[in-house]
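Enquirer: Residue numbers (the working numbering), protein chains in the order written: chain A, 260 to 317; chain B, 10 to 1007.
Read the hints as simulated data drawn from the structure, not as lab findings.
Since the structure is predicted, the reported quantities are computational estimates derived from the model, not experimental observations.
Incorrect hints may have been included.
[Said to hold, decoys possible] Covered stretches of chain B, going by a simulated chain A footprint (3 or more residues, C-beta under 8 Å):
#1 107-116
#2 125-138
#3 894-902
Where a beta carbon is used, it is the ideal one built from N, C-alpha and C, also for glycine.
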Amino acid sequence: MSDAIRKPLLDRTLALLAAPFLLGRQAIEAITPVVEPPRPALRPVPIPPPEHAVKRRG
Amino acid sequence: MKTQLPDHGPVEAPRFWRTLDERVETLEARQAAHDEFLPGAVPSYDDVHGLPPQPSNSRRDFLGLVSAAAALAATVACDRKPQGTVVPYTKRPVEVVPGVANYYASAYQEGRRVYPVLVKTREGRPIHITGNDEHPGVKGKTSPRAMADVLRLYDPDRLRAPKADGRVVAWPEAESRLAVALRGAKAAGKPILLFTGAVVSPTRKALLADLKAALPTLQHLAYEPASGDGAEEAARASYGQSVEVLPRLAKAKVILSLGADFLNGEDPEALAAWGAQRRLKTAKDPINRLWVLEGPLTLTGTNADQRLPVPPSRLAAVAFALARELAAHGLKLPAGADRSALPAGLPKGVDLPAATWSGLVKDLQHAGRNAVVLCGAQMPAEAHQAAHLLNAMLGSEALALVPAEPLATVKDLEAAVQAMAAGQPAVAIFWDVNPAYTYPRAAAWKAALAKVPFRAWIGLVEDETSAQCHLALPEHHWLESWGDATTPGAAVLRQPTVGALYDSRQGEDVLLGALRALGAATAEDGHAYLRARWEKGVLQGASFDQALHDGLVKTTASPAAPAFRGASVAAAAKRATQPTAEGLELVLFPGFATFDGRHANNSWLQETPDPVTKMTWDNPVSVSVQDAKALGIQEGDFVTLTLEGTTLTVPAVIQPGQAKGVLALALGYGRTTGGVAKGVGNDAYPLLGLDPTTANVRPGVRLAKGVGRKDLSRTQSHHRMEGRDLVRSLTMDEYAHNPQGHHHMPELVSLYEEQKFPDHKWGMVIDLAACVGCSACVVACQSENNVPVVGPEQVAKGREMHWIRIDRYYEGELENPKVVHQPMLCQHCDSAPCENVCPVNATNHSPDGLNQMAYNRCVGTRYCANNCPYKVRRFNFLEYTAYKTEPETLAYNPEVTVRPRGVMEKCSFCVQRINDVKIRAKGEGRPVQDGEVTTACMAGCPSDAIVFGDLKDPKSRVAQLVGISRAYRVLEEVGAKPAITYLADLRNPAVEGGTHAH
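In isolation and in its complexed conformation, chain B is listed as follows:
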């Protein structure tokens, strides 16, 4: 659907809107709202009801085919079906009790971040991941990508045996080739390059030190393409070492984000602290305030109380000007920092209203040590340095500065390319990294690497780098591996939750084998090496088995925070005020689904809509409303980006709220390998810069409208509910004085008898003020309930199958709208409109208030979906699951039926979890306790926005929340009596309508 942007705004625009079409009220938008479903999503039966004619079989054709099919069935039905046998365990593993889940504590790593997790296994198969509830930081929460990574264990593309020069070999042969190459390099005194990701494991660090001792010419580069080189460079300048800046938002009353997307789901600890300050029960409860200065609209920006669009290249100048302003208001500059070096006033091209600017200064000044300034990993180094300065001035206690292992930057990779091109290294080993894809000059990389005599790769799925290697060694998935990590508050253990599915080995085992081949006396394998190290230095008398049981050992000692170097300010402030190149400014950021590309083969993540753009299976470039209008770009149009001789053609989306002159493009797409990843989206790495201080922010980009357009698989216009009063957002003033606003509870009259619930009445409360829209619930539900993946073509038709979706509503002006996220799932209505219209009673009500589905009774009339006012029922238009084979099917939860074609499905309130708790409670002769039943979405929600429980228990959390003043039910006037209550979103703006946070 094409969207022509208006010259002027509409006279009476809707308050909340999801798409540009709705905002400008095009005829197409009105038609789409009227039609309910997207064109092509639902085939029409006939033209009796005025539906547009579509090529389809008529009733007569249908009856003819039925007769023919009956005749055919009679002919061929006298055939015996092949018999299958169910065989019990002959030797049952001692840990496995059929039908009973086991839980193992382990840990997942992504970049420098470590996620302590709890892994659920059934009959030996890991099937679901949540956070480790014993960890003092994450407290049972984790990230969407950590949850989805269980699918990577069962990736059919995994390398299953070692390969040498493309042919499958046995491990001894592979190991011997590696050992010969290493011995040869050592003897010749030639450099050996080892490329890895970030090293967060002290045991891995110790192993690498052992390897370095055995191979003096070893050069180790730990490279994380998505971690932000600017942050690394800035830490070295500000603190003289690599430092991780960790938000500690429980203490934060005022948060200023400089393009920092800390609410994007990656940091469960930050999300939990944020949620705790937003789940207000009364208007008198304390609330924090979030200021966001950013170019592209991030998920954090959508949750801001005050958001100001600023180009990323200007963020540093704005932040240094803010430091000068705060210094003028009495905040002390750190030693060595000179006030005169800081710019006076805002930089050219940044126009902030005076009242807003003074409000920001006043907020930070008043909050003092309870204020914190966070900078986005992809922002330029100067912006990070400005944030370091501001935090030092504020004396912020709402962050932790943790010394970290240094990371290589793109500059270090460039040096490695030059060394390889000169033929210096004799061996290159790649361990779980893919620089042939992530290095910006891939052709130069490949040409240089070809000159290294021996190349080995250790990893999960063969990729762009392994294609150039002599040895490809299959690595265990982390769910099959041993390891450890240091996190604030605990030393964390990783243990296998399943034995190796294939003939793979842990990366550590490969290196230990190499060490032994070099004559070093070392442990037999990674497990023994880890255990010996822990028993010697970490456990301090505690039991290793207990540490494995808990997944961690709590620690109290925290490393000393490094001191800020005031002398670094002058140079950074000078660079911040330099003019940038003419043209648009491109921000390259890790994709929500793909991160740096490592998750591109994960179909769960590819199909989870991006929380802001609602794109699936693609990475279009986001263009601001103003630029799209100036260049005549419409949604889906192909555009070309040109920068320093590199040209990329991608489709465009118009992003409300994006700063004028800014483009945003996700990394991690356009892979050339992987059954799922190959060909999905466009590779943006060639546009990454080689200057590590500003690698991800590239000014001087030329944008031109290309030829043609692409139908985007974007879900933001799906499942419309026709502009009804669905989402509510209050400022703190409104909450204090009129929490229900103009909304009035209608008097509900029902012809039906009131439902009776003898034991339980399950219900849910969703707090829109705490929900940030991170989509962790979507992934958790997908994993728990075997929700199928349908692919981009089906998504484009509105046939995605997610049982829970996050509706993202904009409010206000196109250039800088406010945003509200609303999780929408089956409301389990007491008077459910879907139940009344089902001709076969496939959907009906349970005695404890669940709207339940009998899949084998459903004949697929889809009447229920048509009659659902919330648009939460999903129909299996095609066969999405029957053709799957092992290993993909091993990821299924055996507690949940896998639905075939022609069947309707929807949220079940995780009935399997409810029944599990009920059976357990009955067996123990006690009632079900409040909080004992958790749905997958509730357990996965890092900000605790979702609460589930028994509404009949007046002491339950859910029953108490239902009664607070900002509670409402969506479409209550319909009289469906939904079991889900929403709590209105809250905003705490500084300029008007807010409350004092301190």
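Same shape as in the complex, but just chain A:
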């Protein structure tokens, strides 16, 4: 059981570099929220009943 196997160098370096950046961005966004343009609301698909159909049961 060696450290070299359990802690790959690349993973750790990436985590060290990325974490401050991600946390910092989140913190800035918490103070000054980025205003995104409103996305068009997804229109629900209407489900009309079948005309003239006769159901078996229900």
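Take the given structure of chain A and dock chain B to it, following the hints.
Expert: Only chain B this time, still in chain A's reference frame:
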């Protein structure tokens, strides 16, 4: 994983095996069995337990991230979540009661086949399809593709409004453009081409006749690329007309298949009849016998009692030789047929053991009218004619010859291409067909079509053909449509189960509109047209509403069977003995998932493993073991197929049991349109022949090993259970004398207290003798239980989510193994190993014997999956469902929770169905009746191999089956006490170990 085929077989091979690796016992196979899960399927935590090192975050990294995440969560948690509102109906449709399912009878069509179905809707949404139990033929069963077609209703790629020259227009504008074009063509006396699929609806036929009367230059071509041109050509030669040959297997004691895959799930009636003769309770019960002569290994071949690999181009010669042999044994040849025209002896290259050959002759001779010969739709015309001759000689009563509407063949399409290239037609209309994809010379088709001045397309999802059309008209899905069909025993109605979701119209409505524009007096819409026709000629005093309620009107009159023309035999026998081109022989067949390509955009079907190869999301070419060895091909290697100047590069799979010199490739893949279909697999249509007598069987193919290989999304090596005694197969002799074989019931000792079940103890019996492996249960379960689709990359990692899988085991020699199919699902063990290891009690036992899951309690440790000896638990490694939006989410069953990422799931024995019945019975103050509760897999199983019920009720079907002599439980020695009992598979071989069937 690469598989090097051995020069010699192993000294001690395992009896049952699923993959070539297991058969030759490679080191990789042993390692894979030891590791349980595929590499990459499960990330390892650390190397403490000797797992191979993998790049992952350590515990320290994890704790660091948790701390950071907690800090971040505290920062951003003071935010209000957007509020959602639940709004009740302001105007509730009269049919809809929230929480209560409605059922409508309707009908689905695929090629010439019609499936009467019962459609379950919830809050107006169709969500599940089963067979119509009122129909005398299908008796409540249907096909996997019919069940999966509910997903096509909610296909986000559906065309939602008419388009003219690529821009969205209103219907009046679209209709007026079509009418102007038709009037112009009529005035100029120029041909109008109308391409449709098979016409099985008498009402549609009547409408087309009306259209023909209004447009005298109309030429109608009904083309079905997967129906087999050879069958059509042969019917015309043998009977002088188009004929559908329908198996009636209830009467069949001996069945000979010439490459016919009648057990592939498409024909529920044949499967039901087959299952009825295989669900034996004692060794004295009568059993049929199935002989299969075929090139590629089909699902029917996997269920054969005697299977003989024969190249498809030689099938006709073998069958004609068989006819001569039977004639020598006293069977009378039909009038006009000459014995001397039939070949004596087997053709060159076909080597059948003498004892087997004489066994086949004797079997057919003894069975007489209770024998039937069936020929595969894709087989050459001569093979069909040989089957017609044999059935005429036998006087077979185990089939029905039904006159059918003629179908165009590839030759007729070629003539249409020439006419279009010459600029003759003024208008071409395509209604639910896609010849720009299915015609073998697509480039020639497109160039010719471009010369037609006006082109219109009516269909569901824009495709290769619509791309070339001026008008693209969105059509209703069949669940939104009216229609009818003629089936043996009943006239069937199709009615809408939901109103139109989009601005689409029924194809009939478009044509009726065109008729009105041409000045014809006709009905207002398809519904009125259909009703008027039914009230005039079909109902005969019965009520139309009652017919809609039942979905059909039963009929007794059956059309007269056409007479066999003996004079056609000589020419066919002569063609059958002609030498074929040098090289390998390619068989092109409809894909299990895609059919002719129309289902390629259906992700449920794409992810359902092919029943034989266990491939998902692809169509590799199947190569025989012998050819793979000779050419040095390994599984997944790219190979190139060359035929008459057309070259196709595809990955290869090595298929045990496939005849030497034969290649098999599925049609319906390699689409260029559709969000799901685009780019999946390879288009094999360019290899289809232009000679309709042998369009699907192409000799003279050159096969060469290509460059590189592909990781196949193939499930056959997933969820291994380490070579334990899982599947049992008995010959009839073994069943009579020693049904448990060498297996002995171990004495089970338990440290746990015996479970008590106060009211019910739900259990299941699966009869391996009746199960053919058609995967209808897999699709039914997917539809009922909102099982997610994960895609080819995840399947390759062994992360498919199906709650029920079909394990396909081979037994015996590589070149022609026997095959057993075993449905495997959660066994709902009384002493479930998964329950003991769950740290949060998310999985536990119910008082009626269900191993149940509390999804919101599951924290995703996956201990349960590791401890399940049956490998039936499925983990949501990724978020497969949360990002779905309407219309896809409309297909969900609201009775079943949609599971998020990080949650374990598995078969629930359809607990929602059990509770529905229990609540209903309680409300009516009565006990639950046997047979009242059906799981989705049981309801979907066409051969009735699955029986579910209360084991505490000694009169229940399930309790009685548990006690028969070939019953066993998988891994009983583990002591888990599974609630599922299997009944050993049965074989009735003719040569040794069988029983007399007649």
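Enquirer: Could you run down the list of hints and mark each one as holding or not?
Expert: Comparing the hints with the structure gives:
1. Under the rule that three or more residues need a Cβ within less than 8 Å of chain A, the assignment of the region 107-116 of chain B holds, with 6 such residues.
2. With 5 residues bearing a CB less than 8 Å from a CB of chain A, the region 125-138 of chain B meets the requirement of three and the coverage assertion stands.
3. Counting residues of the region 894-902 of chain B whose C-beta lies closer than 8 Å to any C-beta of chain A gives 4; at least three are required, and the coverage claim holds.
The earlier numbered hints are all upheld by this structure, with none contradicted.
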